[in-house]
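Chemist: Fit chain H to the given chain S structure using the hints.
Listed below are the residues making up each chain.
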Amino acid sequence: MLKIENLVVSVDGKKILKGINLEIKKGEVHAIMGPNGSGKSTLAMVLAGKDGYTIEEGKITFMGENLLTLSPEERSYKGLFLGFQYPVEIPGVSMVNFLKTALNQHRKYNNLPPLSASEFLKLMHEKKELVGLQTTLTNRSVNEGFSGGEKKKNEIFQMAMLQPKLAILDETDSGLDIDALKIVANGVNKLRNSDNAIIVITHYQRLLDYIVPDFVHILYKGKIVKTGDKYLALELEQKGYEWLHSEETLKS
Amino acid sequence: MTDLLTNVKEKYLKIYTDNYDILNNDYPNFIAFAREQALTKFKQNGLPTKKEENYRYTDLNTIFSKNYELNLKSSLFNINLEILFKCDVPQLDTHILLTINGHFYKNNKLENLPEGIVICSLKDASTKYPDIFSKYFNQLAINQNDSIINLNTCFFQDGVFIYVKDNTVIEKPLQIVNIAYSLYDLNIFRRNLIIVGENAHINLLVCDHTLIKSSFLTNVVTEIFLQKNAVMKYTRLQNENNYSAQLSSLIIKQETKSNSNINIFSLHGGFVRNNFIVNLDGENSNINLNGLYIGDYNQHVSNFTLINHNVPHCKSNQLFKSILFNESTSAFNGKIFVSKNAQKTEAYQKNNNIILTPYAKAYSKPHLEIYADDVKCSHGSTTGQLDDDALFYMRSRGINYNEARHLLMFAYGDEIIENIYPEILKSRIQELFEKRLRGDLSKCDDCKIHCA
Numbered sequence: 001m002l003k004i005e006n007l008v009v010s011v012d013g014k015k016i017l018k019g020i021n022l023e024i025k026k027g028e029v030h031a032i033m034g035p036n037g038s039g040k041s042t043l044a045m046v047l048a049g050k051d052g053y054t055i056e057e058g059k060i061t062f063m064g065e066n067l068l069t070l071s072p073e074e075r076s077y078k079g080l081f082l083g084f085q086y087p088v089e090i091p092g093v094s095m096v097n098f099l100k101t102a103l104n105q106h107r108k109y110n111n112l113p114p115l116s117a118s119e120f121l122k123l124m125h126e127k128k129e130l131v132g133l134q135t136t137l138t139n140r141s142v143n144e145g146f147s148g149g150e151k152k153k154n155e156i157f158q159m160a161m162l163q164p165k166l167a168i169l170d171e172t173d174s175g176l177d178i179d180a181l182k183i184v185a186n187g188v189n190k191l192r193n194s195d196n197a198i199i200v201i202t203h204y205q206r207l208l209d210y211i212v213p214d215f216v217h218i219l220y221k222g223k224i225v226k227t228g229d230k231y232l233a234l235e236l237e238q239k240g241y242e243w244l245h246s247e248e249t250l251k252s
Numbered sequence: 253m254t255d256l257l258t259n260v261k262e263k264y265l266k267i268y269t270d271n272y273d274i275l276n277n278d279y280p281n282f283i284a285f286a287r288e289q290a291l292t293k294f295k296q297n298g299l300p301t302k303k304e305e306n307y308r309y310t311d312l313n314t315i316f317s318k319n320y321e322l323n324l325k326s327s328l329f330n331i332n333l334e335i336l337f338k339c340d341v342p343q344l345d346t347h348i349l350l351t352i353n354g355h356f357y358k359n360n361k362l363e364n365l366p367e368g369i370v371i372c373s374l375k376d377a378s379t380k381y382p383d384i385f386s387k388y389f390n391q392l393a394i395n396q397n398d399s400i401i402n403l404n405t406c407f408f409q410d411g412v413f414i415y416v417k418d419n420t421v422i423e424k425p426l427q428i429v430n431i432a433y434s435l436y437d438l439n440i441f442r443r444n445l446i447i448v449g450e451n452a453h454i455n456l457l458v459c460d461h462t463l464i465k466s467s468f469l470t471n472v473v474t475e476i477f478l479q480k481n482a483v484m485k486y487t488r489l490q491n492e493n494n495y496s497a498q499l500s501s502l503i504i505k506q507e508t509k510s511n512s513n514i515n516i517f518s519l520h521g522g523f524v525r526n527n528f529i530v531n532l533d534g535e536n537s538n539i540n541l542n543g544l545y546i547g548d549y550n551q552h553v554s555n556f557t558l559i560n561h562n563v564p565h566c567k568s569n570q571l572f573k574s575i576l577f578n579e580s581t582s583a584f585n586g587k588i589f590v591s592k593n594a595q596k597t598e599a600y601q602k603n604n605n606i607i608l609t610p611y612a613k614a615y616s617k618p619h620l621e622i623y624a625d626d627v628k629c630s631h632g633s634t635t636g637q638l639d640d641d642a643l644f645y646m647r648s649r650g651i652n653y654n655e656a657r658h659l660l661m662f663a664y665g666d667e668i669i670e671n672i673y674p675e676i677l678k679s680r681i682q683e684l685f686e687k688r689l690r691g692d693l694s695k696c697d698d699c700k701i702h703c704a
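Quick note, the sequences are listed as chains S and H, same order. Just so we're aligned: 152 in this note's numbering is position 152 of the first sequence, and the numbers increase by one with no gaps anywhere. Just so we're aligned: 457 in this note's numbering is position 205 of the second sequence, and the numbers increase by one with no gaps anywhere.
Hints in this document: simulated from the structure, not taken from any laboratory. For every residue, glycine included, the Cβ atom is placed at its ideal position computed from N, Cα and C. Be careful, since some hints might not be right.
So the derived list for chain H, only partly shown, Cβ under 7 Å to chain S, looks like this [as the list claims (entries may be wrong)]:
(1) Pro618
(2) Tyr645
(3) Arg647
Bound conformation, chain S alone (with noise of 0.2 Å):
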């Protein structure tokens, strides 16, 4: 579904990324995890394609197709989707506005005609509640006023609304209490299938007691330094990221 290979990315002149290779394929929940600054969010913004950033080297494909070429809206009609660390509030563009927009741009991407008011109301609701958001949604501006679950559980729903092959989950754990916690776990393994594939980006071990990953990924200083399953998060979160500092240093 989605493979990086030799992917080296700058920001301003500084490289972030320095070699990344990964393959994802359909039905896998991959974990990334690593230290603040090693590379983890770039990653998930090289992926959506926000400008800012340089490629400096390597492919990125999705689909069998180059997914560097592909316009932000155009990965998202293929699949893609990001779920934000900061979801963007946007003042006075309605959740219903943007989600109906967003939606049936998508339609229209795949040829399907437009949903009706009432096929998306009940939609919305259908989805709502798949994933626990209670938050009322009508009359109220994108991200704006939501708490910090709100915010991110408001990621799931649309994840649930778009329904992507693939989402990347940028700390979609972090500012959630435990009870928020769960609730957006739940309502990403309900989403899981085995035809979609999720990549899970955390600081830590706890979210991946709920979402359990088949593969964990260790990026460290722009580079992916270890690769295991479910127990290398435990491993990590035992030794902490101090364990890769010494790793590397007793390599070099």
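Modeler: Structure of chain H alone, referenced to chain S:
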């Protein structure tokens, strides 16, 4: 070598002398006197140049370089406006009245007007209602030094007179449609006088249209008096063609506990200058003054506001927002003046500008002058682009770039449209704004007028 504005001044002076009789025909004597006073000031001050602080960002040379005819006789064209003009706000039930080239349209059918409201041409009012007319007419304009306003007093021929008697509440909006129609470039002067009596309510919708692609230079002055407890909603849609220029001055005097809610939408029009001069003269009076203006190509939209807080316990709130495409420019020059005794004043002013190209320019000069010590005042100005993070967020959800921009711009402008009442008018203006943003607003759907 004399410059253009000096030449134009001389030209106006000559027209005035040559047409003295025509100008004052059918008007009571005090009009001629008012014109003389205004002329003296105009002679002294000349047309404002960019050296004048209030016109620093607004170059009148650009509009006076054209050669306009000035027609002082009554409405030239005997056209049937009902055929040409059909306002397509079907569910919007309004009392509608038209002016053409600055003259009250003689076939205005003002049927079923409620008791207690007088609407007629300014000229008629001067003789039909001499007491009320002479009591209010020119009382605000006379104190202005702006030559654009004085020029209007010198040359106006007609306009709309509205008098809402005490305790009269008019639910239905009153719609004034100002139409410019001429085969040659025309200089139009229009003068309106609006008096809203004690406890009276009025909801005005004013639309400016050009019917044809000639260049028009319209100079309109509206004096508005809000008596005790009076309430006025005033919505203006400026939608003239882009060859035209409009110099509009709204001068308002508000008495105790009066309330005004003014929203100006400048959609099209090559050059638009709006002066708002507001005197809060009665305690607990309140004004909301908002503007939304969209510029493209070489359009220039300039809003000048002066709110005089002359007494305590008044409140004013201003919000002006621009969206500028291409090489368009906008100017906001706003002043809040709080006099020494105007304690407990609340006065707020905000100007936001979005510039969408490297060539568009927004000039902004928020200004507070406060002599009282117990007041709440604020002013601020921002100029920037659309929020990149919001754009990316939307695009990542599949909303394409153009649509995402459109949603953001719409949301930005909607903060002002929000204020419009009734609901049906609000949604109509939302629709017009949306069309304007998409670049396909030239006319209302059913109307034969091709405004731009």
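Chemist: Against each hint, give a clear statement of whether it holds in the structure.
Modeler: Status of the hints after comparison with the structure:
1. Interface restraint check: Pro618 of chain H against chain S, minimum CB-CB distance 21 Å, threshold 7 Å, status violated.
2. A cut of 7 Å between beta carbons decides the hint on Tyr645 of chain H: the least distance to chain S is about 4 Å, and the hint holds.
3. For the restraint placing Arg647 of chain H at the interface with chain S, the shortest Cβ-Cβ distance is roughly 4 Å, inside the 7 Å limit, so the hint holds.
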